[in-house]
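> Next come the chains, spelled out residue by residue.
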Amino acid sequence: MMTTREGVRLALHQIRAQKLKSFFAVVGVIIGVMFLITVVSVVEGMNKYMEEDFARTIYGLNTVTVRRTPEVNFSSDPDVWRGYWRRPRLTFEDAEALRTGLGVPALVAVESFNGGNMTAETGVEVENVWLTGASVDLFRIRDLDVERGRAFTAPEDRAGVPVVVLGAEAAEKLFGALDPLGRSVRIRDIPFRVIGILKKQGTLFGMSMDNRAIAPARSAMGRLVNPRGVVDAILIRPDNAEAMDRVALDAEAVMRVRHRLRPGEANSFAIETAEESMSFWENIRRILLIAFPGLVSIALVVGGIVIMNIMLVSVVERTREIGIRKAIGARRRDITLQVLVESATLSLLGAAVGIGLGNVLAQVVRALSPLPATLSPFWMGVAALMGVSVGVIAGLYPARKAARLDPVVALRAE
Amino acid sequence: MQQAIIRTEALTKTYEMGSEKVHALRGVDLLIQPNEYVALLGPSGSGKSTFMNLIGCLDTPTAGEYWLNGTAVAGLNDDQLARIRNKEIGFVFQTFNLLPRATSLHNVELPLIYAGVPARERKERASSMLTKVGLGDRMDHKPTELSGGQRQRVAVARALINNPALLLADEPTGNLDSKTSEDIMALFNELHDGGQTILLVTHEHDIAAHAQREVTLRDGLVETDVLKGSPEATLVY
Numbered sequence: 001m002m003t004t005r006e007g008v009r010l011a012l013h014q015i016r017a018q019k020l021k022s023f024f025a026v027v028g029v030i031i032g033v034m035f036l037i038t039v040v041s042v043v044e045g046m047n048k049y050m051e052e053d054f055a056r057t058i059y060g061l062n063t064v065t066v067r068r069t070p071e072v073n074f075s076s077d078p079d080v081w082r083g084y085w086r087r088p089r090l091t092f093e094d095a096e097a098l099r100t101g102l103g104v105p106a107l108v109a110v111e112s113f114n115g116g117n118m119t120a121e122t123g124v125e126v127e128n129v130w131l132t133g134a135s136v137d138l139f140r141i142r143d144l145d146v147e148r149g150r151a152f153t154a155p156e157d158r159a160g161v162p163v164v165v166l167g168a169e170a171a172e173k174l175f176g177a178l179d180p181l182g183r184s185v186r187i188r189d190i191p192f193r194v195i196g197i198l199k200k201q202g203t204l205f206g207m208s209m210d211n212r213a214i215a216p217a218r219s220a221m222g223r224l225v226n227p228r229g230v231v232d233a234i235l236i237r238p239d240n241a242e243a244m245d246r247v248a249l250d251a252e253a254v255m256r257v258r259h260r261l262r263p264g265e266a267n268s269f270a271i272e273t274a275e276e277s278m279s280f281w282e283n284i285r286r287i288l289l290i291a292f293p294g295l296v297s298i299a300l301v302v303g304g305i306v307i308m309n310i311m312l313v314s315v316v317e318r319t320r321e322i323g324i325r326k327a328i329g330a331r332r333r334d335i336t337l338q339v340l341v342e343s344a345t346l347s348l349l350g351a352a353v354g355i356g357l358g359n360v361l362a363q364v365v366r367a368l369s370p371l372p373a374t375l376s377p378f379w380m381g382v383a384a385l386m387g388v389s390v391g392v393i394a395g396l397y398p399a400r401k402a403a404r405l406d407p408v409v410a411l412r413a414e
Numbered sequence: 001m002q003q004a005i006i007r008t009e010a011l012t013k014t015y016e017m018g019s020e021k022v023h024a025l026r027g028v029d030l031l032i033q034p035n036e037y038v039a040l041l042g043p044s045g046s047g048k049s050t051f052m053n054l055i056g057c058l059d060t061p062t063a064g065e066y067w068l069n070g071t072a073v074a075g076l077n078d079d080q081l082a083r084i085r086n087k088e089i090g091f092v093f094q095t096f097n098l099l100p101r102a103t104s105l106h107n108v109e110l111p112l113i114y115a116g117v118p119a120r121e122r123k124e125r126a127s128s129m130l131t132k133v134g135l136g137d138r139m140d141h142k143p144t145e146l147s148g149g150q151r152q153r154v155a156v157a158r159a160l161i162n163n164p165a166l167l168l169a170d171e172p173t174g175n176l177d178s179k180t181s182e183d184i185m186a187l188f189n190e191l192h193d194g195g196q197t198i199l200l201v202t203h204e205h206d207i208a209a210h211a212q213r214e215v216t217l218r219d220g221l222v223e224t225d226v227l228k229g230s231p232e233a234t235l236v237y
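Residue numbers (this note's numbering), protein chains in the order written: chain A, 1 to 414; chain B, 1 to 237.
Among these hints, one or two may not hold up.
[Stated by the list, open to error] The list that follows gives simulated cross-link-like pairs (lysine-lysine, BS3-like), each with its CA atoms no further than 25 Å apart:
1) B:K87 <-> B:K21
2) B:K123 <-> B:K179
3) B:K179 <-> A:K21
4) B:K132 <-> B:K179
5) A:K48 <-> A:K401
6) B:K142 <-> A:K19
[Stated by the list, open to error] On the chain B side, residues computed to face chain A include the following (Cβ under 8 Å):
7) E36
8) N97
9) I113
Please keep in mind that the hints were generated in silico from the structure rather than gathered at the bench.
Just so we're clear, the structure is a prediction, and the values are computed from it rather than from any experiment.
For each residue, glycine too, the CB sits at the ideal point set by N, CA and C.
Isolated chain A (complex conformation) (with noise of 0.2 Å):
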């Protein structure tokens, strides 16, 4: 019985002999896979993205936030969208409700934003600066570190002093090479001083975190982002990481009060953590790892029947052969094995192409975009599985057909 380890020094041997054929039989698998692992490699990034910068940045870890509306939603529904302009806009007297309101120690913070521009002393003018009003804290609860100079006080905050930290990449292009702390800067012409530049954060999907100013939200910078009183977010921290789920219900709690709400009425606002805004992602992500895969397995099918006909072909072009080794021998599960696993080698040896070429591919997107990249052992594991299963199905008709052949009548060929 010829055993499996001799079937592939064989099979590698033919695919050497016909190195041209082998690459056209197996095209398909290796175009289905270097997509596949293009694709994971790009969603698993994605996903350690996600799971690291992204909900980090944007919800802060161990972070409750609380909103007029949902960050991300992609109901395209006009009646949702219409109760969502009907609902109230949050003030500072919420933040101060939920600052008294609450069971556990927490820190809470407003946040107001908008985009608009700033000019330096200097009469240098930069666009689209991401303009906050916040509270002391938010510092703290974002984790937004300051490289030089300070943060504004809660004093400072309490009373509006005009004073503004700004990002790495605004101070940058404000001042140059001046120094920006004790000067000033201005927008819409109120006057800010720079007290603090804050470390640089990076970028999020390409777009730059740098280029911000942050004041307080009771100084004239709240009014400059939104009406008077009127805060975009409320972000609430615990101290205690474990309080997050009584802190999302008291604050809760606290604002159907505050909006006068009945039971069974819905919410009138959006209680938020980075954790639900995963599981979001996490179905997005779930959704892509199954569609892709499955788009890939159509593609597969196709490389399969590929291969299927260059066996068959193969087995054709060698019936003579086929009949030397029954004459000498070889029972109906040896020609059997040997055409299976002939198919089956080739088919990995072009999930295993296609899988380095899917790396280099996802590797190139990485460099290109802004979509990150990062390898998948487990995925490279399933396409090189893929790859044998289909090497496996599509020699089986061959593999049958050769295995049946007639001595007599296959020494005769050719």
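Dock chain B against chain A, hints included.
What follows is chain B alone, placed relative to chain A:
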């Protein structure tokens, strides 16, 4: 009495060619004892090839019995026939029928692979068999790198590797020049002297003359069966 290597009784083979029936063999009785060297002759259409295929277990008879070395072959299934071909019969063909992309060594060890012999033992047995037929220095050569005579020697080595009961040669010198043919026939004589049973199928009388006994087929039946040294003893079964 020793068991006959080949014993056939009324061996019959009929083909259907469309609506026609072709009676290739019409009931052949033959007895071949161990260490006999028999030549099988006959014009085309005599049933020579058909008979050879049946003896070689490449095909099964329509009717009749065939015992190979005591085993009743007629009723065996595919796998069993394959095993017999592997163990009991050594084929030598006119066109050599070697695997073109494999070395001599690999060609010779092929029957051992199908017999499940482990690699090291295979290599040893194959190389000593190649040495025995005079090709010890050509073990890594592919058939395309060998002359006709050398290829046939490789084929003989392959045929003998499993120590078969019967060496079955079909026009072994058909593709060789006369000098090389003589070499191969000398090799066969050596093997016969060493105890091998040989059935040589040929249409050339001077090749058949190397054998001890000449059986001639005509129209699917044995016409004559002559043992050398007693030309008058024409045995017709």
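> Determine for every hint whether it applies to the structure shown.
Cross-check of the supplied hints:
1. B:K87 <-> B:K21: violated, 34 Å
2. B:K123 <-> B:K179: Roughly 31 Å separates the two Cα atoms, so the pair is violated.
3. B:K179 <-> A:K21: violated, 42 Å
4. B:K132 <-> B:K179: holds, 20 Å
5. A:K48 <-> A:K401: Not satisfied, since the Cα-Cα distance of roughly 49 Å exceeds 25 Å.
6. B:K142 <-> A:K19: Holds, at about 20 Å.
7. E36: violated, 23 Å
8. N97: Hint holds; B:N97 Cβ to chain A Cβ min 5 Å, cut 8 Å.
9. I113: holds, 5 Å
Hints 1, 2, 3, 5 and 7 from the earlier list are contradicted by this structure; the remaining hints agree with it.
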